[in-house]
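Chains as they are written, first to last, in the working numbering: chain F, 558 to 889; chain S, 86 to 446; chain L, 8 to 503.
These aren't lab readings, by the way, just hints derived from the structure by calculation.
Careful, some of the hints might be misleading.
Now the stretches of chain F that chain S is said to cover, found in silico as 3 or more residues with beta-carbon under 8 Å [what the hints assert, rightly or not]:
id, stretch
1, 648-660
2, 664-677
3, 778-789
Below are the PhoX-like pairs computed for lysine-lysine, each with C-alpha atoms no more than 20 Å apart in a straight line [claimed, not checked]:
id, chain 1, residue 1, chain 2, residue 2
4, L, Lys-385, L, Lys-435
5, L, Lys-179, S, Lys-312
6, L, Lys-232, L, Lys-385
7, L, Lys-179, L, Lys-271
8, S, Lys-312, L, Lys-323
9, L, Lys-484, L, Lys-232
What the simulated footprint calls covered on chain F by chain L, stretch by stretch (three residues with Cβ under 8 Å from a Cβ of chain L suffice, anywhere in the stretch; the number is not a length) [to be verified]:
id, stretch
10, 714-720
11, 730-736
This structure is a prediction, so every number in the text was calculated from the model and none was measured.
Don't be surprised by glycine CBs; every beta carbon is placed ideally from N, CA and C.
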Amino acid sequence: MDTNTILVGLAGVLALAAPILFAVIGETITERAGIINLSLNGTILLSAIGGFAVACETGSLLLGFLMGMLVGALVALIVAFSSITLRQSQVAVGFVLALLGRDLSYFLGTPYMNISGPRLAALPIPFLKDIPVLGPLFFRQDVLTYLSFAIIFLVWLWIFRTRPGLMLRGIGERPAAAFVRGANVNLMRYVYTIIGGAVIGLAGPAYSLNVKAGWMGYQSGLDGFGWIALSITIFGGWNPLRAAFGAYLFSLLQWLGLVLQPVLPGIPSQVLQVAPFPLMILTLLLVNISNAEWVERMLAAMPEGLRHVTTRLLRAMRASPPASLGVPFESE
Amino acid sequence: MKKNIWVNLGFQAGALLVAMLVTTGILAAAGAPPFQAYWSMLKGAFGSWDSIVTILISWSPLLLTTAGVLITFSAGLWNIGVEGQMGVGAIFTTGMMLLLQDTSLPPALIIILGILAGIIGGALWAALAGALKVFGGVNEIFGGLGLNFVATALTIYLVFGPWARPGVASMSGTKPFERELWLPTLPGTSLSLWALGLSILAIAAVYLLLRGTHFGLRLKAVGKNPKAAFLLGVPTWQYSMFAFLLCGALAGLAGAIQVVGLRHNLLPNISNGYGFLGLLVAMLVNYQALWAAPVAFFFVALNTGSVQLQINYKMDSSFAGVLQSLLVLLVLLGEGARQRFLGTARKAEPSESEIRNKQVK
Amino acid sequence: MDVELRDIYKTFGAVRANVGITLRVPAGTIQGILGENGAGKSTLMKILSGFMRADSGGIILDGRPVSIHSPADAIRCGVGMLHQDPLDFPPMRVIDNFILGRKGGLLPGQAEAARDFKRLAEQFGFSLNPDSYVDALTVGERQQLEILRLLWLGARALIFDEPTTGISAAQKEKLFAALRLLAEQGKTILFVSHKLEDVEGLCHRVAVLRQGYLVGEAQPPYTTKNLVEMMFGKSISAGERNPCAGGGSTLILDNLSVEDYRLKVRDVSLDVCRGEVIGLAGMEGSGQGLFLRAVSGMVRTVGGRILAGGKDLTGKSYHAFKRNGVAFLPAARLEEGLVSGLNLTEHFVLSEPPDGFFINWEQGGALARERIAGFNVKGTPASTVESLSGGNQQRALLALLRDPLALLLLEHPTRGLDIESTIYIWSKLKERCKQGTSIIFMSSDLDEILQYSDRVLVFFSGRVTPPLDASMLKTDKLGQLIGGKGWDEFTTGKSA
Numbered sequence: 558m559d560t561n562t563i564l565v566g567l568a569g570v571l572a573l574a575a576p577i578l579f580a581v582i583g584e585t586i587t588e589r590a591g592i593i594n595l596s597l598n599g600t601i602l603l604s605a606i607g608g609f610a611v612a613c614e615t616g617s618l619l620l621g622f623l624m625g626m627l628v629g630a631l632v633a634l635i636v637a638f639s640s641i642t643l644r645q646s647q648v649a650v651g652f653v654l655a656l657l658g659r660d661l662s663y664f665l666g667t668p669y670m671n672i673s674g675p676r677l678a679a680l681p682i683p684f685l686k687d688i689p690v691l692g693p694l695f696f697r698q699d700v701l702t703y704l705s706f707a708i709i710f711l712v713w714l715w716i717f718r719t720r721p722g723l724m725l726r727g728i729g730e731r732p733a734a735a736f737v738r739g740a741n742v743n744l745m746r747y748v749y750t751i752i753g754g755a756v757i758g759l760a761g762p763a764y765s766l767n768v769k770a771g772w773m774g775y776q777s778g779l780d781g782f783g784w785i786a787l788s789i790t791i792f793g794g795w796n797p798l799r800a801a802f803g804a805y806l807f808s809l810l811q812w813l814g815l816v817l818q819p820v821l822p823g824i825p826s827q828v829l830q831v832a833p834f835p836l837m838i839l840t841l842l843l844v845n846i847s848n849a850e851w852v853e854r855m856l857a858a859m860p861e862g863l864r865h866v867t868t869r870l871l872r873a874m875r876a877s878p879p880a881s882l883g884v885p886f887e888s889e
Numbered sequence: 086m087k088k089n090i091w092v093n094l095g096f097q098a099g100a101l102l103v104a105m106l107v108t109t110g111i112l113a114a115a116g117a118p119p120f121q122a123y124w125s126m127l128k129g130a131f132g133s134w135d136s137i138v139t140i141l142i143s144w145s146p147l148l149l150t151t152a153g154v155l156i157t158f159s160a161g162l163w164n165i166g167v168e169g170q171m172g173v174g175a176i177f178t179t180g181m182m183l184l185l186q187d188t189s190l191p192p193a194l195i196i197i198l199g200i201l202a203g204i205i206g207g208a209l210w211a212a213l214a215g216a217l218k219v220f221g222g223v224n225e226i227f228g229g230l231g232l233n234f235v236a237t238a239l240t241i242y243l244v245f246g247p248w249a250r251p252g253v254a255s256m257s258g259t260k261p262f263e264r265e266l267w268l269p270t271l272p273g274t275s276l277s278l279w280a281l282g283l284s285i286l287a288i289a290a291v292y293l294l295l296r297g298t299h300f301g302l303r304l305k306a307v308g309k310n311p312k313a314a315f316l317l318g319v320p321t322w323q324y325s326m327f328a329f330l331l332c333g334a335l336a337g338l339a340g341a342i343q344v345v346g347l348r349h350n351l352l353p354n355i356s357n358g359y360g361f362l363g364l365l366v367a368m369l370v371n372y373q374a375l376w377a378a379p380v381a382f383f384f385v386a387l388n389t390g391s392v393q394l395q396i397n398y399k400m401d402s403s404f405a406g407v408l409q410s411l412l413v414l415l416v417l418l419g420e421g422a423r424q425r426f427l428g429t430a431r432k433a434e435p436s437e438s439e440i441r442n443k444q445v446k
Numbered sequence: 008m009d010v011e012l013r014d015i016y017k018t019f020g021a022v023r024a025n026v027g028i029t030l031r032v033p034a035g036t037i038q039g040i041l042g043e044n045g046a047g048k049s050t051l052m053k054i055l056s057g058f059m060r061a062d063s064g065g066i067i068l069d070g071r072p073v074s075i076h077s078p079a080d081a082i083r084c085g086v087g088m089l090h091q092d093p094l095d096f097p098p099m100r101v102i103d104n105f106i107l108g109r110k111g112g113l114l115p116g117q118a119e120a121a122r123d124f125k126r127l128a129e130q131f132g133f134s135l136n137p138d139s140y141v142d143a144l145t146v147g148e149r150q151q152l153e154i155l156r157l158l159w160l161g162a163r164a165l166i167f168d169e170p171t172t173g174i175s176a177a178q179k180e181k182l183f184a185a186l187r188l189l190a191e192q193g194k195t196i197l198f199v200s201h202k203l204e205d206v207e208g209l210c211h212r213v214a215v216l217r218q219g220y221l222v223g224e225a226q227p228p229y230t231t232k233n234l235v236e237m238m239f240g241k242s243i244s245a246g247e248r249n250p251c252a253g254g255g256s257t258l259i260l261d262n263l264s265v266e267d268y269r270l271k272v273r274d275v276s277l278d279v280c281r282g283e284v285i286g287l288a289g290m291e292g293s294g295q296g297l298f299l300r301a302v303s304g305m306v307r308t309v310g311g312r313i314l315a316g317g318k319d320l321t322g323k324s325y326h327a328f329k330r331n332g333v334a335f336l337p338a339a340r341l342e343e344g345l346v347s348g349l350n351l352t353e354h355f356v357l358s359e360p361p362d363g364f365f366i367n368w369e370q371g372g373a374l375a376r377e378r379i380a381g382f383n384v385k386g387t388p389a390s391t392v393e394s395l396s397g398g399n400q401q402r403a404l405l406a407l408l409r410d411p412l413a414l415l416l417l418e419h420p421t422r423g424l425d426i427e428s429t430i431y432i433w434s435k436l437k438e439r440c441k442q443g444t445s446i447i448f449m450s451s452d453l454d455e456i457l458q459y460s461d462r463v464l465v466f467f468s469g470r471v472t473p474p475l476d477a478s479m480l481k482t483d484k485l486g487q488l489i490g491g492k493g494w495d496e497f498t499t500g501k502s503a
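Here chain F stands alone, though its shape is the one from the complex:
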């Protein structure tokens, strides 16, 4: 394989990662506010067919993407309403919505099976596209992939470098303290859940109008993306940069699965594609183990000096989810 092929392949990885990336970033926004939107898998499929259908009917890609965002926002609204206003289990409602969205998309998608629709074209950026290595890698992509690059940094900036972002972190971390500082916690949770949902809703059309344009029902290859995105959100530690790393790693492994197929005939590509999951479970284990009771018991049995050192070590390893993730908030 020559350098050029590899570069084109890697550029493809970046484009391939866009749907996952939107989903992960949207979920990161939502969970930062303390709400789990477990409906991802359904939301993505439904926004994919919704976006594709609208783009086919109107011929407008833009309307297709807007439709995807609308679908995502609406599903998120149901999640927000049932968990914030009706105080039902976020997990239960999200799970049901995941299944509902999936089946609904297959049902509604039948008339659009295997028809050719519009597809986003590449938009090389003048001058930048000619930079060696970087040009072919980053600057010969399409608008949506550029947007996926941008959204990583925009959301990161918003969460970690702005005043409202600071409050967002506060709301997910300790809503009571955010309330004391003047935040309308439940309203903000609604807003961020819906915005996050709209971003998640971009993932669908990013796939059905770009990565693999069209709708092929069960053969679309999009089913399961949502569950993957949920896992990558945890892997990403609720930080857009780490989450993006996770998404790219995942796409890279998928691509390697295809590329290495001839080299490793014994291992089907699907196996390489799930390689991140044991890795994810291991990460979760390392991150959470200090919460386990037996660790506490073991610590209590240690001599004082060793105990302090071990406690320190476990603390350093722990990546902290927003402390109030999934916990409803009620002011007096």
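Chain F is fixed; fit chains S and L onto it per the hints.
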């Protein structure tokens, strides 16, 4: 008390009605005459002996996974990994039978050993999720999801790798077992009364377990309030692990039955969504085992009937899934609305320790 | 800022938390607010800081009536509150905590905030690194951060809720110096505490609350006896004592040590005889709760030995303690004691050792009916526990205890109960004692401690007195010990 039951029933009926209204709208929007579509579904489900047999065939795995998740739900656990547990059960069964098929053991024994292996496989996979939860603090939803993917990958690896069908490996699965290694079926159908009997036995056992045994009562106590259960003398984490093991065993049995009773080989996606559907059934019956069997039957009847939509109207059979999950969603929302707007007065002042707990958490 | 509370009323269900409280605090004053747990101090301060709304009454700041609906309103009016457990964001940096909540543009204005932070910190001699993370700070440092933050937001009246709990002596000195400086600048300080020494040493004036009423005010020089009397009321006659019934010890503690993240209880030795009642006194969080849970086997000890019912149970699990006749009843009855959603029969079945695989519901129902009658629980075997009143929940918990017991440990056995239930519960407990069970209980009700205990252990910031003979103990002496005074006589020997 009496009045409450009627209000409850009213809300359930309301949810069903709204779900039907919405799906009717969806049908109309998709271009099918709704009432004829419903009629053809009904006919598709119950119109012939064949279709009823089809319902009974898919009823078994759903009954088994539902029975399993009823146990984990009782213990307050969201065992979303039940799909993977079913898959690994199927893998273990296939493995055991591949190992034994060329020996001189009697076929019946091979089948029994295969099923036992499936039960053990499912339980082991569940134990893994349980251990991650109990000893590693990994939430069972994410542990279970991850393990589902790993189970799928494992299946695909085996189907395309070591256990590949001679000649060409494909998504259609491993080479089917010899006829003598199939579970006996009713003549002319693929309905195995053994599978059906085992499943009905399983759901009845779970009903009895949760209703009439010390084990079930303790499990419920752990699920509703682990702290109080611990203080009352229940070894909490051991019971959580038990719940995982039992659920995994039942899911493993479901996988085993798919292999020996229906498919006669291992293929990707052998769990076929029965795990997730089981979770839906359990949620719809509000985690009460008594209604699980009829609701599961209703669900598979919907699945079977919706195939007619595909034949008559060129519509996707996932319509059944839409109706099922919409129903559960509306029941959940209705329950929330009832508690919020009609429920008893909200708790007065939370105690000091409650506030602190909330904040520290 | 002049702060005036006028005729404040607040009730929670049947509990009257504030009854017609009127209090004026002129600018530049450090006002102490004294009272035992549940006296209504916290409610009053939560009303002033916007956390709760009064049923009636008004708040007047600098002569102008204001309406405060939320903590954000309060800070806009210049009133800020420091909570006992600081309401901050542990995983974030100090400077982020400082900025969070301040209105302004899209960007947080970090450079300017850091400048202000440094200036304010220097003014009070606080040395806080703006870039360190809050979860690495001590409670005292987190308080300092909150003070600076509230001042930066323009607070002119500051409420401190038990600020000296869990901080070091040096930090306390620093805190007091800062408070005096703030008062000199004309700020108003409301200092809520139960620690007599702190209040006496710091406050310009003291208001005392008891059972929702403002029962008195005092100015220096304070007499401790007078303050204690106002806090706890007149002492009542002690109840009947059980001299040791003989038959040896049910519990022996040998230099027991236990600790959590904020408290250390060291080297407690105790020998409890059959039928004896030991009362644990002290303000909430002084170490008695930790001690009680250690003796029940729920919290691991870090040193010493526990012998209960003649067996060495050191390091054993809670269930091993339970098997050896040690029972524990938590204060949070519905959170920890009972399982909501299960009925009384199910609870009785749960509490008995299983007698086979299947439940004999008839036998369970009979047991439930018998115990319900025996303990006078107002409910049926099919009543779910959350439908019972607090008193009946407590009766149910007592009815669930197995026979026989060597040792019974109780957290606040009668908290929130009416007189009738209280007397009933204690009559049942005393019956147990006659059968040889020893009881250790904690309570914030001094009357309860003095009336029912044979001996008393007093806790203060993790320190423990030796067992004191309850018949020789007077309310005022007990009140002083709880408030941290009069401990000198115990320092000569080994503590407890």
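Which numbered hints fail: Numbers 5, 6, in rising order.
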